[in-house]
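*Asks:* Model the placement of chain B on the given structure of chain A, informed by the hints.
There are 2 protein chains.
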Amino acid sequence: MSSPSHAIVNRAKRLVFGRPKRTDQQHQERLGVGSALAVFSADGLSSVAYATEEILYVLVLAGAAASVYSLPVGLAIVGLVLVVATSYSQTIRAYPAGGGSYIVSRENLGTVAGLTAGAALLIDYILTVSVSTAAGIAALVSAVPALRGHEVILSLAAIWFIALVNLRGVRESGLVFAVPTYGFIISTLALIGAGLFKVLAGTWHPIVPPSFGFGFGSPAFHQLTGGVTLFLLLRAFSSGCTALTGLEAVSNGVQAFRPPEAKNAIRTMNLERTLLYTMFAGITLLAFGFGALPSESETVMSQIARDVFGRNVLYYIIQATTAMILLLAANTAYADFPRLASFMARDGFLPRRFVNRGDTLVLNYGVYLLAGLASALVVVFRGSTHLLIPLYAVGVFTAFTLSQTGMVIHWVRDARRTGQPLRRHWWSLTINALGAFLSGTVLIIIGITKFTHGAWIVLILVPLLVAYSLHVRGYYVRFKRRVESLLGEHLAIDDARRVKVVLTIGGLSPVIDHSMRVARRISDDITAVYVAVEPELGEKLRGKWDLKRHGGVPLVVLPSPFRDVVGPLREYVEGLRAANPGLLINLLVPVVVTNEPFDQYLHNGTAEMLLRELRYSEGILVTVIPFYVNMDARAASAITTASPVQSKG
Amino acid sequence: MSSPSHAIVNRAKRLVFGRPKRTDQQHQERLGVGSALAVFSADGLSSVAYATEEILYVLVLAGAAASVYSLPVGLAIVGLVLVVATSYSQTIRAYPAGGGSYIVSRENLGTVAGLTAGAALLIDYILTVSVSTAAGIAALVSAVPALRGHEVILSLAAIWFIALVNLRGVRESGLVFAVPTYGFIISTLALIGAGLFKVLAGTWHPIVPPSFGFGFGSPAFHQLTGGVTLFLLLRAFSSGCTALTGLEAVSNGVQAFRPPEAKNAIRTMNLERTLLYTMFAGITLLAFGFGALPSESETVMSQIARDVFGRNVLYYIIQATTAMILLLAANTAYADFPRLASFMARDGFLPRRFVNRGDTLVLNYGVYLLAGLASALVVVFRGSTHLLIPLYAVGVFTAFTLSQTGMVIHWVRDARRTGQPLRRHWWSLTINALGAFLSGTVLIIIGITKFTHGAWIVLILVPLLVAYSLHVRGYYVRFKRRVESLLGEHLAIDDARRVKVVLTIGGLSPVIDHSMRVARRISDDITAVYVAVEPELGEKLRGKWDLKRHGGVPLVVLPSPFRDVVGPLREYVEGLRAANPGLLINLLVPVVVTNEPFDQYLHNGTAEMLLRELRYSEGILVTVIPFYVNMDARAASAITTASPVQSKG
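In order, the protein sequence lines correspond to chains A and B.
The opening position of the first sequence corresponds to residue 16 in this note's numbering, with each subsequent residue numbered one higher.
The opening position of the second sequence corresponds to residue 16 in this note's numbering, with each subsequent residue numbered one higher.
Hints are computed from structural coordinates only; laboratory data are not their basis.
Among these hints, one or two may not hold up.
Put simply, identical chains are the same to the list, so a pair is met inside one copy or across any two.
[Said to hold, decoys possible] The calculated lysine to any residue pairs, modelled on SDA-like cross-linking and capped at a C-alpha distance of 20 Å, are:
no.	residue 1	residue 2
1	Lys559	Arg532
2	Lys495	Leu556
3	Lys495	Asp614
4	Lys559	Val243
5	Lys495	Glu311
6	Lys495	Val607
7	Lys495	Val93
8	Lys495	Pro612
9	Lys495	Leu562
The structure presented is a predicted model; accordingly, all values stated were derived computationally and were not measured.
Same shape as in the complex, but just chain A (with noise of 0.2 Å):
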């Protein structure tokens, strides 16, 4: 039961989560392309951070010669960044409101497409939040050895102070996001400049050197990496998709944009595009240049600034606007998530107390939630990023894939409803279709290579989730149809009679009279009951009761063989309602009120357990009367009392 002291509830929670926001203060700020990058582009660019080592980390798997494939499959991510960038654009261009997968695919294919997409996102953005704080946490780890070994407790202590900050209320803006996403960008290009300076200074150091007979078709290098299949490859590749993680968060942020929007948030689009190809393309090629390899010590982009900068104030740079990046990407899950989850609820696919609110504009359900989950992510795979990634990529696939196909329909929808020729749209549509094959191309390759791995359990959530938010709206369907079926049917009420008010009594004098003066301003009907868990107290309370003293009002004492408070109340009102059809009854339940709130929990036992078990009981209404105590021995009275006329002053 709560405390009645709200008030020092109320600034401890302000201390902790700091002022409440209005509502109209969320759209008070429209974000120009500059800051827009900073607050959408942390999470799609800090994946630069480990896709590399990603794929590097299954190449090496056929030996340290085979990270040489690295160059290739880097290729190919890079074409398809371009692709699904470019596509994405042109669900801004045609949701300027905000497409988010979930509503883009359940507009476009339905329902169950939608949820599929909602439940593929959900699950990201946990592992979001558990893949970044766990890449965040290497970052540092690799800047300060001796971290090393404490990368989950570390995570854990992320996690969660990235929700307590969440549950103060963030105000997605300004400084927070601007330093360590211009940070990350400024520092890791002038990396990749210092680091190609020196390839071309020749102080590289490739795991295949140029005087090895270098070259794919060599019989040298073959005998070296001859561990490299297809299958490998492939699932290089898929452990490498993570750099299109995030990707698709300007594109549900629209609204955030000043005007015109939807043309400033393209121009964002373009710009994360660019930058994210261009760093992932040269931290791989450095990555390749200066041999660095997976280590369970160090991450590889902390090996090449180590190379190319040495251990000096650059490369602690490096490291901590690296940190900084993924623990804002995780950040950035917290607002995805509940957002998310409350469209889902508000559409009445998740339960309804999703959509509420709390008094700091946040969806404290959801914070809560993503936390513990992520947390829990962590534990079990042990904080590590390599074993959490597949499981990650399978969602956010699914996620492109599903919108990009909803985007295809929508411009042959749009083309057909306005009566405009299709190929008006043949760009975005040509466009969404490539991002929508490719995307669905690369979930079949993710699924087959990192089934294994972990991707299995995503394709068992996924489905549970759909078929779980399916159950829930066909509820919310069944009960509004049996609700409404109630418009018309008027119940036959008995208005002339009031209700009947019982009035459980516990020990002590002063709360019983005060409860009586209240129940008599409720119905002119009542009667006291004393459940007699002890006998003798009841025999003692029956002859103290005075009629007069008590306005007339009879005592029933009711006995508990059972030493049960509940059972008997619950017989003795049935038994009224029973043998008076019509008859409308008010169980009143005091409660003692102090103002120490610490020591609430001495009282009041009884009264809980009947309000638990109680007041959700056909027939009955169940009243809590506080009864105020005021424990400063000072005080002029010790009851400030719920009654109208307070004896304070």
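*Replies:* Below, chain B without anything else, positioned relative to chain A:
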């Protein structure tokens, strides 16, 4: 919130927890000496199964040959058993109504001593569960080596199985107690008999053979046992003192005996005493005679039984009865702990809800707490009796010492009160004083020798529990004083005015109509209030509101710029109170209840929030109006309603 389908829930509860028992059933069966021995001595006698092993466990630190010292140490403990048991017989004589250590100490030595004994016992009951279960599982694993390595899981399973049995409510009598207790007594005595026969037949093989120049003074012996210090001997003695645990049980339950209660209880006590020291001495002798030494994989008792009987059916009977009596000993703590907690709660030293009994005559709170804490101990101490014993013995001997010191004071006071000469009680006085002195000495020895082995935990916990009890008591005293000061006070209430009803409105029209009819029966002064978290919905509702249809009840739409439901409502109500002194406000909160309990959580998110936040608010009565919907499409009407006339048909 509880489900409305209490019928279903109750049926499930019956199934799991059994039928409730009447209060008067409690004392229906009185016990004779034979069944009382079974009921009360399980805890006391079961310690024979591990006490010898605990002595050896310490001694072998000085080498296997040091195990010979188990004989003098064992002898000292036999003497202690004799004195303490006889001392408790005096308690039975003086407190025929039941003289637990808490009661005897509190009456004779004052509150703090009583609470110290109470706290020590509460901690002990927890340890009884942990130690007895761990020892029982050790007996099981000794017989079935395939279970080795799973001790912790098995112990946890046993603890929660016993908890479940206790939540069902056990009848403390009959076969349940007789089979394990008498089985253990008979099989152990048979083991000792057969063992002694083998000794006489000369087939024993002590670690230090007689031919070796056996004798405590011989130089060879000294070479072998050079590490034996006085401190080690005292530590071994401390460990062995666990043989005395549970010895006080009879004195707590005198009222359960057949008349003459005290006499029968003393007879039972004498019988238990004799059995205890005979069995303990026998096992200790055999352990030495057959060179049994503590081992990770097999208990000392199991080694002896294997040596005496071989691995045949008799061996398995010994192991089975040992495991059974140990689990039964754990079971008795489930009755003792909640009973003591309810005694202390009734005196105001623990939260009053500990007095509440569930409907199965069982103090549910206590059972859950006990099982939870015992499980935690088993996990933390990896199910090892050796690690738990040091904690165990401190509490037992604290209670012994206080209780017997209290008895000394009791006799002195009794003589003074009745005017009889003190020497009339000379025997009781002497034996209690000796018991108190010896127990106190043992307590000091345990405190010193076991301090670093875990005794410090109990030495910290007991004072903390005492301080907590005093705080609780202080709070209740202060509260009672504050409330009593109100007895004469009459609050000025404007009794002519009825309550002002504030009806909170959600979305569904039938619910509104129904709540409005209910509201009209509580008061003529009604205002409907809608908190417009979604401004558009507020406008829509205002537009649709039909004063005539709603019987002249005005609608107030409260703006909620922070998307908060509670805050605006609280402000509105406080504004009403400020503007109308003398106003009693009744906040009506409709909730939806359906006959599908598993989907209940899909409703009432907002209503639950209001109830949680507002029901203890000063100046507001909060009333829950259930709105029943029958989701069964075949039902004649969808609502079975909280209103008087059911339209079910």
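*Asks:* All hints are to be evaluated individually against the structure, with a verdict given for each.
*Replies:* Structure-based check of all given hints:
no.	hint	result
1	Lys559 / Arg532	within (18 Å within a copy, 38 Å between copies)
2	Lys495 / Leu556	between (49 Å within a copy, 18 Å between copies)
3	Lys495 / Asp614	between (43 Å within a copy, 14 Å between copies)
4	Lys559 / Val243	neither (93 Å within a copy, 71 Å between copies)
5	Lys495 / Glu311	neither (56 Å within a copy, 64 Å between copies)
6	Lys495 / Val607	between (39 Å within a copy, 12 Å between copies)
7	Lys495 / Val93	neither (50 Å within a copy, 76 Å between copies)
8	Lys495 / Pro612	between (41 Å within a copy, 17 Å between copies)
9	Lys495 / Leu562	neither (49 Å within a copy, 25 Å between copies)
Violated hints, in rising order: 4, 5, 7, 9; the structure is consistent with all others.
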